[in-house]
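**Q** Each protein sequence line maps, in turn, to chains A and B.
Heads up: take any position in the first sequence, counting from 1, add 4, and you land on this note's numbering.
Heads up: take any position in the second sequence, counting from 1, add 6, and you land on this note's numbering.
Source of the hints: derived by calculation from the structure; they are not laboratory data.
Heads up, the beta-carbon is just placed ideally off N, CA and C, and yes, glycines get one too.
The hints are all genuine.
In silico SDA-like pairs for lysine to any residue, Cα to Cα no more than 25 Å straight-line:
no. : chain 1 : residue 1 : chain 2 : residue 2
1   : B       : Lys325    : B       : Glu89
2   : A       : Lys392    : B       : Asp176
3   : B       : Lys193    : A       : Pro345
4   : A       : Lys157    : B       : Tyr42
Facing chain B, a subset of chain A residues (Cβ under 10 Å, in silico):
no. : residue
5   : Asp236
6   : Ala240
7   : Met332
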Amino acid sequence: MENFANYLHDNFLWGAPLWVVQVIVQFGFALLLLMVFVSPFAGILSFIERRIAGRMQDRIGPNRVGPQGLLQFLADGIKSLLKEDLIPKSADKPLFIIAPYLVFLGMFTTFVALPFASKLIVADLNVGILYVFATSSLTVVGLVMAGWGSGSKWSMLGGMRAAAQVISYEIPAGLAALTVLLPAGSLSMQKIIASQGAHPWQWFIFSTPFTLVAFFILFTSLVAEGNRAPFDLPEAESELVSGYNTEYSGMRFVFFFFAEWANLYVMAAILTTLFLGGWQIPQSLSVASASAASWLPQVLQLIFFQLKCLAIIFLVIQLRWTLPRIRMDQLMTLCWKYMVPIGFFCVIGTAAWMMIFPQGAPKMAYLLTALAGVTVIYYFYRVVWQIKVSHAQIELNPFV
Amino acid sequence: MLLNMGPQHPSTHGVIRFVVKTDGEVMSEAMPDVGYLHRSIEKIGEICDYNGFMPYTDRADYLSAMNANQGYAMVVEKLLGLEVPRRAEFLRVIAAEFNRIISHLLSVGALAMDVGAATPFIHALKEREKVNDLMEALCGQRLTYNYVRIGGVSYDMPPNCSERCLDFLDRFEPQWDEFERLVSANKIFIERLSKVGTISREDAIAYNLVGPNLRASGVDYDLRRDIPYSIYPELDFNVIVGRGEQGEVGDSFDRYIVRVREIRESIKILRQCFSRIPEGDILAKMPKVLKPPVGEAYVRTESSRGDMGYYLISDGSAKAFRLRIRTGSFTGMAIIQKISQGMMIADLVTLIASLDVVAPEIDR
Numbered sequence: 005m006e007n008f009a010n011y012l013h014d015n016f017l018w019g020a021p022l023w024v025v026q027v028i029v030q031f032g033f034a035l036l037l038l039m040v041f042v043s044p045f046a047g048i049l050s051f052i053e054r055r056i057a058g059r060m061q062d063r064i065g066p067n068r069v070g071p072q073g074l075l076q077f078l079a080d081g082i083k084s085l086l087k088e089d090l091i092p093k094s095a096d097k098p099l100f101i102i103a104p105y106l107v108f109l110g111m112f113t114t115f116v117a118l119p120f121a122s123k124l125i126v127a128d129l130n131v132g133i134l135y136v137f138a139t140s141s142l143t144v145v146g147l148v149m150a151g152w153g154s155g156s157k158w159s160m161l162g163g164m165r166a167a168a169q170v171i172s173y174e175i176p177a178g179l180a181a182l183t184v185l186l187p188a189g190s191l192s193m194q195k196i197i198a199s200q201g202a203h204p205w206q207w208f209i210f211s212t213p214f215t216l217v218a219f220f221i222l223f224t225s226l227v228a229e230g231n232r233a234p235f236d237l238p239e240a241e242s243e244l245v246s247g248y249n250t251e252y253s254g255m256r257f258v259f260f261f262f263a264e265w266a267n268l269y270v271m272a273a274i275l276t277t278l279f280l281g282g283w284q285i286p287q288s289l290s291v292a293s294a295s296a297a298s299w300l301p302q303v304l305q306l307i308f309f310q311l312k313c314l315a316i317i318f319l320v321i322q323l324r325w326t327l328p329r330i331r332m333d334q335l336m337t338l339c340w341k342y343m344v345p346i347g348f349f350c351v352i353g354t355a356a357w358m359m360i361f362p363q364g365a366p367k368m369a370y371l372l373t374a375l376a377g378v379t380v381i382y383y384f385y386r387v388v389w390q391i392k393v394s395h396a397q398i399e400l401n402p403f404v
Numbered sequence: 007m008l009l010n011m012g013p014q015h016p017s018t019h020g021v022i023r024f025v026v027k028t029d030g031e032v033m034s035e036a037m038p039d040v041g042y043l044h045r046s047i048e049k050i051g052e053i054c055d056y057n058g059f060m061p062y063t064d065r066a067d068y069l070s071a072m073n074a075n076q077g078y079a080m081v082v083e084k085l086l087g088l089e090v091p092r093r094a095e096f097l098r099v100i101a102a103e104f105n106r107i108i109s110h111l112l113s114v115g116a117l118a119m120d121v122g123a124a125t126p127f128i129h130a131l132k133e134r135e136k137v138n139d140l141m142e143a144l145c146g147q148r149l150t151y152n153y154v155r156i157g158g159v160s161y162d163m164p165p166n167c168s169e170r171c172l173d174f175l176d177r178f179e180p181q182w183d184e185f186e187r188l189v190s191a192n193k194i195f196i197e198r199l200s201k202v203g204t205i206s207r208e209d210a211i212a213y214n215l216v217g218p219n220l221r222a223s224g225v226d227y228d229l230r231r232d233i234p235y236s237i238y239p240e241l242d243f244n245v246i247v248g249r250g251e252q253g254e255v256g257d258s259f260d261r262y263i264v265r266v267r268e269i270r271e272s273i274k275i276l277r278q279c280f281s282r283i284p285e286g287d288i289l290a291k292m293p294k295v296l297k298p299p300v301g302e303a304y305v306r307t308e309s310s311r312g313d314m315g316y317y318l319i320s321d322g323s324a325k326a327f328r329l330r331i332r333t334g335s336f337t338g339m340a341i342i343q344k345i346s347q348g349m350m351i352a353d354l355v356t357l358i359a360s361l362d363v364v365a366p367e368i369d370r
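Just chain B, with the same shape it has in the complex (with noise of 0.2 Å):
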């Protein structure tokens, strides 16, 4: 039987379209179709000027938009050779941790959902709610931030914010104890997950997996460890590897603890650069119009969905040459085709979401 999964499907999260065939319950094939959610970002990159195209980067990860920000600035500054002032690399990397936390929550909390508990996702919206709040304090907006400015930050933090996450983040350990204790020590839920779509280590590194993807297949890579960027390294984390803890190393139940495991990371780098934060501009002194030298860069960034590049080709006028986003979606959306062969329907969709695939981010 060929069945259409999508493009409106409620567990496909956004616009994506499988053509799965089946037989029974039991699938034989599920071929992805992406593109559905085109916007032409890179072409655009090529027609705005380097400043106004920084609202679109939000939008090519509107899950992360802070990552997907600071990766577009870091490429920028690369081809300037402009040093950004430390204490907006520290409001950079906050409003970055932040973002990972509120990606990661709608991740696991739709992970979920799509098992079939409807609750923990709530309760992740819930949470997610309140940093939205403070994000909403940071720089006025909710979702698509467009925060982060080449050469700095747009806003310094309002008065108590620093306070305020404090005390959210306080907050915020045993609500998700009490996420934990809803979720993951559930016998069913494990059951769902554990030995379902199983990535092993060669076929996540042929594949090109990358962020918690990639982690949970037991390569220990982490680009805010392994290519060290803004104030990372002086920065005390762990790595979270997946360890097949109740089952396979890189089967559905790693990707999701690896997950839930670098929300605790990023509590505690949150932590850290509340504890460190210097005062101090928060944007460099540039010219007005932006004309980098002739030139190529590549950037990487650690994105809530993996390795996010941006390259780009500057031809010495006030707009890109050319301009490439690499994002982790795409490459997580190439892998379905080959693990979901002979999987249950109902493991298609756990295996989609443990992949945190999102769908703006396939096709930018």
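With the rest of the complex left out, here is chain A (with noise of 0.2 Å):
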């Protein structure tokens, strides 16, 4: 990277000083870093999304660009690149510009805290959950320049909506994470992960009744925090036209679309992070790879990781397409009446399982993951029971 300063600067930029080219060289390579390595996440995630929406609508969804259309991101953002960049007249002009870019960079800041696998992390901060946290929630001061910038009031009224859902929502987050930071003692991503072991058994979630209930907090809120279905009232298209981003159009959209799939792996990975075990994997098969090849276990982790983000993933999604949207004030009871206080229970709850249980109560460890486990699969006979019942009367050319 000095190498290719140097050779800017001697080459091209004779007038410049060396060190203003070395910080615009490395600005430029950390943008295209992060621009190669996120963009991936946000693009392959809209594809998922739209084809299990396309399936769960009886339709096909994205499938012509490239195989089976994984390509259709690209299709997708090249075209809004080419779009005309409209302002309205009535914006706040800087307001608006600047907007997406705050939306973007607290959504993709974080991406410097999740631990992928046990080396693969950009930087291990000692507060990482807690820069996480920070950070996302810079996104809301982008949405509220978007709908006050926007000048039109149906992105106004989006952005107070997003101001008000995303602050309420931090609070029960912010209580849920706390049951998992007790036991770990850390505020550090990886000692977080370090503390859990491999089996569902030795998760978080599965470790205290308390911290089981604050999953579903957490995700709830993280669901809200993102402003997903059933919680997308600041874009509600049906309300609001589309909320904030009704007057945006080009790149600038694609920001915020970018920022909210983006932000949909943020969330799933924080929860595993934080409740699913992270990257772990078992000791046998830790060893084992390692004897094959030395990167081979953080390959593995990083697969473990992965998949864990995508069960989540998918659960989001399918929660999008299948539930309606909830209102302004039963969204506002819902955090303050219920899971605020519950979160605050979970909390105490959590340090009073401490204080009894020193070395942990195994036996409820794994009475809750037997639990699980029959959820999960009473889950999949519903899905496969239902896929019996409607596809028993599919047609299958429907144009005939």
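Put the two chains together into one complex, using the hints given.
**A** Below, the structure written as structure tokens:
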């Protein structure tokens, strides 16, 4: 990188001081890394979501660009780049222009602290989880700016809703995360994962009944923070036209959606890290693969992490395409009257549990794991049953 | 804050405009502004001859064109004193009930979409497409059928039509169970609809609500049973009345569930029709140019959106002297201003959708 900066300085930018060129090159490199590394997450997630939605709605979904439509997001991105970037006359220009980047920034800086494997992490901050929550709430500033800056009343309503919603749901999210931080004893993402095991009964989600409840609280609040259905009030299409992003077009619009899909991944990663054992793989597997190649455990860890994330993402997508949207007052009631008190109760409960069972209660963990297993099996049974019922009636060619 | 909802808004179902006064999310008033889709259909009725006006009735209510066709044909027949062949009456009822099913399908699907669930809408439309296929087999059209003629219907059923229709009904009923599992029992959906936009029995009568909206408010009144026409007296079906299962009588959920259950009643009617349909002519013998005697007639039919009335004055010539169409959506719009006071914006969307207001039917 330095050589490249020197090369640029010597051959093209004779006037500029060397350190300026170096800083520019470093920023450019970071930007490139971010785009190359992060955009596949958002892009492929958009593809997965659209295909699942298509399947749920008895249609096909994107299947033209690339194999099975996998490259659809690239086509969409290029299309949006070529579109006119319209700024309404009544818009507050600086706010309107900055807003999407703030949303983008808030979502994508969280990737720095996500632990993909035991050595695959950009920065293992000692305040990791705090950093993730803090930067991801930066998006709300962008959303409010977008809503206000658009100069449209519908957008402003969307921005206001976003502010109220995201800020409110930070609190139960924080409380739910706290139930995990108590037994983990650290804010660092890697240490939280290290204090869990590879098997489900060693995960934090099943360690006490309170953490199990906290998992669902965190899940709900993260869905709400990410403005996903059934909590997609800020961008409610049928109510607020499209909320804060009504007036946006072209690349700025894409930034919003980029951030939304990236957020889907981020929330899955947070849940996986805190509750589902992160990248932990069984000890035997780790030893066996390490003897084959030193990098192999890392890859396996990455795969395990991604699989857990994908399971959560699938659940969120399925919820989105199944449930109707709740109303603003119901949203606030849910947060302040139910989730915050239950969250506090969970924190106190976990603390008490740790006092009573300093060594943990493995029997309870086994029991909860078994219960969860039964639930998952029932879920798949229902899915298969539903497919059987409805597919018994599908005629193959609807155009005949 | 003065908000302008429409004429282009995703959930006004066409070109309707509301001037909404809000304080944040809570509205103090929503004033409906109609007239964006006025196409002078009544005036056209005075210019066309009687047969020539039939396609325009499709456009008066494009979501249940068969019912609109039927009403107009009936009023002209009443003036002419014409007897319609029995097979034609059956065909009319079959077409009208199929049309009621797809109109209600679209209505409840759009309601689910306005509440925020995209999938039920697609599932409802999927079934609607299949009925459209059947309609296409019957009369060659998928939306504006122009099927009913004065004195009968235009085409007889194609050879295997009745088997296809019964086959569809057999497949449709489990699909409709699935839809209900997806929507009717959904906690969020119920929360969004119950006690929202409650219309009391008195208000419903005072504002002249008709059809499913009226029945949802607890008024047991269905033209097919109470002022019977066509072959409805021979058929066995229940009139669905809102009972306030998830809240109050006359709330949005009642309007939803009344439509959902009316679809099942329509299926029942259709099965009876297919088992009883007689052979015979489909069109009465008529002169080339219709010249009804001087006089006036008013005919009411139970359309998908309720009481659809045609008032016709004839001066003895080949064209109507005056034609007036009375539709359910118009009165449905009128009550929105009263009910919407103190509502949230999200609830206004629910209310509009649950009243099943169709823009072209309001203005005609």
